[in-house]
Amino acid sequence: MLTFRIVLVEPEHPHNVGFVARAMHCNAISELYIVYPKRDAVNPESYRTAHNSSEILDGAKVVHSLDEALSTAHYAFAFSRRRFDTIIPHTSLPHITEFLPKDGTIALVFGRESCGLSLEEIERCAMICEIPVPGQMSLNLAQAVTAACYELCRSGLLNNPGLRTDRVPLKRGRIEKANIGQIENFLSYLHGHLTDRYQNNTWTESAVREFLQRLEPTRFEMSALLGLVKSLVMRGKEEARHVEKGGQ
Numbered sequence: 001m002l003t004f005r006i007v008l009v010e011p012e013h014p015h016n017v018g019f020v021a022r023a024m025h026c027n028a029i030s031e032l033y034i035v036y037p038k039r040d041a042v043n044p045e046s047y048r049t050a051h052n053s054s055e056i057l058d059g060a061k062v063v064h065s066l067d068e069a070l071s072t073a074h075y076a077f078a079f080s081r082r083r084f085d086t087i088i089p090h091t092s093l094p095h096i097t098e099f100l101p102k103d104g105t106i107a108l109v110f111g112r113e114s115c116g117l118s119l120e121e122i123e124r125c126a127m128i129c130e131i132p133v134p135g136q137m138s139l140n141l142a143q144a145v146t147a148a149c150y151e152l153c154r155s156g157l158l159n160n161p162g163l164r165t166d167r168v169p170l171k172r173g174r175i176e177k178a179n180i181g182q183i184e185n186f187l188s189y190l191h192g193h194l195t196d197r198y199q200n201n202t203w204t205e206s207a208v209r210e211f212l213q214r215l216e217p218t219r220f221e222m223s224a225l226l227g228l229v230k231s232l233v234m235r236g237k238e239e240a241r242h243v244e245k246g247g248q
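Its first residue numbered 1, the sequence shown is counted upward by one per residue in UniProt numbering.
Everything hinted at is true.
Derived DSSO-like pairs: lysine-lysine, alpha-carbon spacing no greater than 27 angstroms straight-line:
#1 230 / 177
#2 102 / 61
#3 38 / 61
#4 230 / 245
Distance windows between CB atoms, simulated:
#5 206 / 231: 22 to 32 angstroms
#6 95 / 1: 14 to 24 angstroms
#7 120 / 55: 30 to 40 angstroms
#8 143 / 95: 17 to 27 angstroms
#9 143 / 236: 45 to 55 angstroms
#10 224 / 139: 34 to 44 angstroms
#11 211 / 133: 28 to 38 angstroms
These are calculated hints, taken from the structure and not from any lab test. Quick reminder that beta carbons are idealized off the backbone N, C-alpha and C, glycines included.
Using the sequences provided together with the hints, build the complete structure.
Spelled out as structure tokens, the structure:
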């Protein structure tokens, strides 16, 4: 069985620690280690942003070195965008599940907000994992942890009873493709209410026919589209009657 541990190495802003706890709680990860060389407890300010997640901070283990945080783990990923000259293999977050062992405690290690993890700290881990973002930007610490937790949750690796993996099946008409007969019925109605300018241009009907068939709408979508067109026609007739009454 796999379990996951979040390890924060010398986080500089206590509010980020609270946001991390909230992300962990949302994704059913409870094991938090914080490397504070000069502290023995969680900064009280972290509780200000740990909405409904104070139990994560209450149970957090504060240690003085990364080695302590990893000593009881079985495998560790160092999260970093920096490229070092190291033999440590590299992967990206969308592929992290390909490198997970079958069981054990997996440590996800995140560095300081200002400078991340050092090369020495990265070399304490088995693999480097990068969260791909465009350009030279990088995610905030709490954002990075949230992205990693969600990827694991999305992959079905977390025991999250609140995650809905089942979905109420859609009604048949909402998923069944409209057939050509239904499309032609719509086109017939549409053609009957076009102005002369468009009724005399056969290419218009052909273009709409080709567009709808290429779009592959469902029966429900075609019914909704026909309903909208009928509503517009009725609105036009009502306005015309109103104008006629006004003229009289």
